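With chain A's structure known, arrange chain B with the ligands on it following the hints.
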Amino acid sequence: MSYSSIGRKVVMGLTGLFLITFITIHLLINSFSLVGPELFNAGSKFMGTNPVIQTMQYVLALGFIIHIIMGIRLTIQNNAARPIKYVHNDPSANSTFSSRYMIFTGVLVLLFLILHLKDFFVPIKFEHGTFGEDYDLLVRVFSNPLYVFIYVVAFVGLSIHLHHGFQSAFQSLGWNHPKYTPFVKKLGLVFCYVVGIGFSSIALFHYFNSL
Amino acid sequence: MSNMNLTLKIWRQKDAQSKGVMETYEVKDISPDSSFLEMLDVLNENLVSQKQEPIAFDHDCREGICGTCSLYISGRAHGPMRGVTTCQLHMRSFKDGDTIYIEPWRSKAMPVIKDLIVDRSAFDRIQQAGGFISVNTSGNTQDANGIPIPKGDADKAFDAAACIGCGACVATCKNGSAMLFVSAKVSQFALLPQGRVEAAKRVLNMVHQMDKEGFGNCTNTGACEVECPKGISLENIARMNREYLSAKVVSDEKIG
Ligand code: HEM
Ligand code: SF4
Ligand code: FES
Numbered sequence: 000m001s002y003s004s005i006g007r008k009v010v011m012g013l014t015g016l017f018l019i020t021f022i023t024i025h026l027l028i029n030s031f032s033l034v035g036p037e038l039f040n041a042g043s044k045f046m047g048t049n050p051v052i053q054t055m056q057y058v059l060a061l062g063f064i065i066h067i068i069m070g071i072r073l074t075i076q077n078n079a080a081r082p083i084k085y086v087h088n089d090p091s092a093n094s095t096f097s098s099r100y101m102i103f104t105g106v107l108v109l110l111f112l113i114l115h116l117k118d119f120f121v122p123i124k125f126e127h128g129t130f131g132e133d134y135d136l137l138v139r140v141f142s143n144p145l146y147v148f149i150y151v152v153a154f155v156g157l158s159i160h161l162h163h164g165f166q167s168a169f170q171s172l173g174w175n176h177p178k179y180t181p182f183v184k185k186l187g188l189v190f191c192y193v194v195g196i197g198f199s200s201i202a203l204f205h206y207f208n209s210l
Numbered sequence: 000m001s002n003m004n005l006t007l008k009i010w011r012q013k014d015a016q017s018k019g020v021m022e023t024y025e026v027k028d029i030s031p032d033s034s035f036l037e038m039l040d041v042l043n044e045n046l047v048s049q050k051q052e053p054i055a056f057d058h059d060c061r062e063g064i065c066g067t068c069s070l071y072i073s074g075r076a077h078g079p080m081r082g083v084t085t086c087q088l089h090m091r092s093f094k095d096g097d098t099i100y101i102e103p104w105r106s107k108a109m110p111v112i113k114d115l116i117v118d119r120s121a122f123d124r125i126q127q128a129g130g131f132i133s134v135n136t137s138g139n140t141q142d143a144n145g146i147p148i149p150k151g152d153a154d155k156a157f158d159a160a161a162c163i164g165c166g167a168c169v170a171t172c173k174n175g176s177a178m179l180f181v182s183a184k185v186s187q188f189a190l191l192p193q194g195r196v197e198a199a200k201r202v203l204n205m206v207h208q209m210d211k212e213g214f215g216n217c218t219n220t221g222a223c224e225v226e227c228p229k230g231i232s233l234e235n236i237a238r239m240n241r242e243y244l245s246a247k248v249v250s251d252e253k254i255g
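Chains as they are written, first to last, in numbering that gives the first Met the number 0: chain A, 0 to 210; chain B, 0 to 255.
Worth flagging that the hints you see were computed from the coordinates, not collected in a lab. Treat the hints loosely; a few may be bogus.
Stated by the list, open to error - Straight-line distance between alpha carbons at most 25 Å, and here's what the computed DSS-like set of lysine-lysine pairs gives: (1) A:K84 to B:K150; (2) A:K178 to B:K211; (3) A:K184 to B:K173; (4) B:K173 to B:K211; (5) B:K173 to A:K178.
Nothing here was measured: the structure is a model prediction, and the numbers come from that model.
Next comes chain B alone, as it looks inside the complex:
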């Protein structure tokens, strides 16, 4: 495959208060083996050498594990491939001469800070509302492996814990719902004995915080599951709904 020339339509926005617009850029001689973010690096090098403001985008590990990279690429969260983050997307997924649209995640609860960077602190606040277990770290902490756990439950908890909090589920959902993320965080604990202790309180508080942040209501379109780079399953949403209902109806826990 030879190198490619591409047209990029990219969202530019000075800061949270400004109105943004789509700007058009041309990039030339891009290797199909480079990653999508490397392609943007090339564009930014050019912009800097022309004394223009480079495009701001989020990235950190660049190996698909931290959840920092984002980008809505030609109508899809993390681009056209399934099961990968934007940093794992390669230019061989595109063709010479393509026009590529690059937009930030769109959600009221995740406002744009600058260009393609959004504020994902809503996820942090949801986590702080209950996405943890309380253990006494006195120095005599019991070994977690001392409690036998059925293999199936351990596997499901592990799968749920694979969520990297990237926000692609919110970005792709037509309702801007955060249910896949929150359900992964609820499930990874609800499935394990260490997490059961605070399960009712956890689900009530996390759902309450999720609603407070202004995320939409899930209508089970399933788009999140398709676009999630970590393959988080919709089963987690059903589990969270069950957990929430039983916490609301039979437990004596309250929000707060």
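Looking at chain A on its own, in the form it has when it is part of the complex:
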């Protein structure tokens, strides 16, 4: 399937939609932390012990890896399709910023992901008991202004990624229909703002609380 351009697009679209599902659940759990430590710890515990979620973890890792490798491969192939660039080009006349910088916003998210795994995933998964409850870890990490800054930048990046990515995934899978596509586009716009503002404001909330 990945040997044809359309096959590669379908893989991007499917993994992209899968990652969108993941990010939605993640935002939901994070928002528990606004209510209080009990709810967040319970949510975090559920995610850490539920067998379905535990199995999905591996699927998620695979989804990320496929999406990233395919995204990089696509970008290299697409660059090679135009070996000599235009001397004068005006791409903003016909396409959105977000659609032209998918690899940049993607790599930004990837760099953040590595940092994020080190700061949250590894401690919660392997060093349990050394830092109190999950909520305490969250409060500690978000009291660092540099981390909060990086966090916000990364989610602005993801938001821009989704500004194009959300509706693009539907188009890639052939789901373009005069009745539904306008709705999908609006939903994608709302979703990219919810993700960007949602994650950032949670981090900022905990930072200002820690002052």
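Coordinates of chain B with the ligands only, in the frame set by chain A:
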């Protein structure tokens, strides 16, 4: 509007093997009512009278129907206007004193032959891979209008068939993808009963040929739809993706 003087920066390249460069030319006293190609004709007349090599560019019908003219004009395929080919572009779209960049289509699959002319035979090979229907021309050919077709489908097929194969979609796409062109050619048949018969085989073969030619992968930026002189819709790309997926997954057709 009075006549204008312009500075042109034009890609000059001797042949496919040579390296090209941007050269600067001045043109004077150009009527705003002349077409862009007529402006280039004026420049070429001057060059010839000075015993210089005229600029090679593609053109044929000069009325927007053949798809021969091309040119990447100041960063846009077929220039700044929407829904027109370069031959339909007029100098009134520019201002006196403007500097205009004129470059050939840039795509690995459409290499420059000379100056502003590129080799678009990749499109021909994609067409030959499946952009047709097989009809028995025994003399008893059934009248095409004998088969009732829903108006909506007929309209969409007709819109897709408006593609003139100019290559602006490839030229403008940041990925050098030919998906808009190929999807128009796939759709115009896939929507009609005469085309359904070979639909699965057609889409597999045309996409295979498209990939083989070295065009890039579509990432749905939508630039092609904006720059296409014939207004070919992105819906066609989604349709081709559906056609391709179903051909790949459920049909027993193979490439070849
Ligand atoms: C939670 C994280 C992520 C989400 C939710 C996500 C989502 C998406 C979606 C929905 C698309 C559109 C797919 C399509 O058009 O068919 C996409 C495209 C893309 N993604 Fe991601 N992505 C994420 C992370 C990444 C990362 C880490 C990279 C790193 C390289 C990346 C690179 C790309 C590229 C290059 C594209 C453009 C390719 C294309 O449009 O076909 N993404 N992403
Ligand atoms: S789809 Fe439009 S831009 Fe592309 S070749 Fe056809 S007419 Fe030209
Ligand atoms: S010369 Fe025929 S379309 Fe422009």
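Here is what the structure says about each hint:
no. : hint             : verdict
1   : A:K84 to B:K150  : violated (43 Å)
2   : A:K178 to B:K211 : violated (35 Å)
3   : A:K184 to B:K173 : holds (22 Å)
4   : B:K173 to B:K211 : holds (19 Å)
5   : B:K173 to A:K178 : violated (29 Å)
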